[in-house]
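K.L.:
Whenever a hint applies, use it, and build me the whole structure from the sequences.
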Amino acid sequence: LAKTTQPISMDSYEGQEVNITCSHNNIATNDYITWYQQFPSQGPRFIIQGYKTKVTNEVASLFIPADRKSSTLSLPRVSLSDTAVYYCLAPERGSISGGYNKLIFGAGTRLAVHP
Amino acid sequence: DGGITQSPKYLFRKEGQNVTLSCEQNLNHDAMYWYRQDPGQGLRLIYYSQIVNDFQKGDIAEGYSVSREKKESFPLTVTSAQKNPTAFYLCASSIEAGLAGVSINEQFFGPGTRLTVL
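Protein chains in written order, with the working numbering: chain A, 2 to 116; chain B, -13 to 104.
No lab work stands behind these hints, which were simulated from the structure alone. Errors might be hidden in some of the hints.
[To be verified] DSS-like, lysine-lysine: derived pairs with alpha carbons at most 30 angstroms apart:
#: 1; chain 1: B; residue 1: Lys0; chain 2: A; residue 2: Lys4
#: 2; chain 1: B; residue 1: Lys(-5); chain 2: B; residue 2: Lys69
#: 3; chain 1: B; residue 1: Lys57; chain 2: B; residue 2: Lys(-5)
#: 4; chain 1: B; residue 1: Lys43; chain 2: A; residue 2: Lys4
#: 5; chain 1: B; residue 1: Lys69; chain 2: B; residue 2: Lys0
#: 6; chain 1: A; residue 1: Lys70; chain 2: A; residue 2: Lys53
[Claimed, not checked] Beta-carbon label-pair distances, calculated as ranges:
#: 7; chain 1: B; residue 1: Asn70; chain 2: A; residue 2: Ala67; range: 18 to 26 angstroms
#: 8; chain 1: B; residue 1: Gln27; chain 2: A; residue 2: Glu59; range: 23 to 31 angstroms
#: 9; chain 1: A; residue 1: Thr22; chain 2: B; residue 2: Glu48; range: 32 to 40 angstroms
#: 10; chain 1: B; residue 1: Ser59; chain 2: A; residue 2: Gln43; range: 19 to 27 angstroms
Just so you know, even glycine gets a beta-carbon here, dropped at the ideal spot from N, CA and C.
P.N.:
As structure tokens, then:
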């Protein structure tokens, strides 16, 4: 079971870069790391997914070092609208019939962006 | 507009009553999921369905029931046996459950239903 650990909360200011680090010591060889974002009273939405090195999209970058025991979500120049909970996810594999690989949502990191 | 919808947004129920939460998707996804979220907590899996007419229990299925008679629909019934039903309920769907290659298929979430038991 790949358990992830991330800070409970973070604070930042508009225009700053925010880096949220997640540790996943027991990640399986072939597992990807996925990040979701959730605003209050809404469903989570997918941000980014990666396996190793660096992945970048229009929203964020994801850095995964060679040992893959951690990953860092980077949000460039945050704004007030980036205030949300960010979840770092690794799959739980194959223990349920049919080989379904489910996502495990921990408590996430609450990011508060201040003016 | 493709998406996943849930209704109602807010639901109030008296103790001892069953209540059904609706979830519909027009994304042509095979897999659908129900999660429960309590304040300040992450999401916990209640039930999931990989295909029509099939569903499996998640981590906290007791007191809940589901059906999957149509690909587009995956209603959740919160029964009177659920001891603490007040929560935020989220429905999601994905192209299929499990892996696409070695990555997890992205789950698309609905807006949620907030259930309060009075």
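K.L.:
In ascending order, which of the hints set out earlier in this document are inconsistent with the structure?
P.N.:
1, 7
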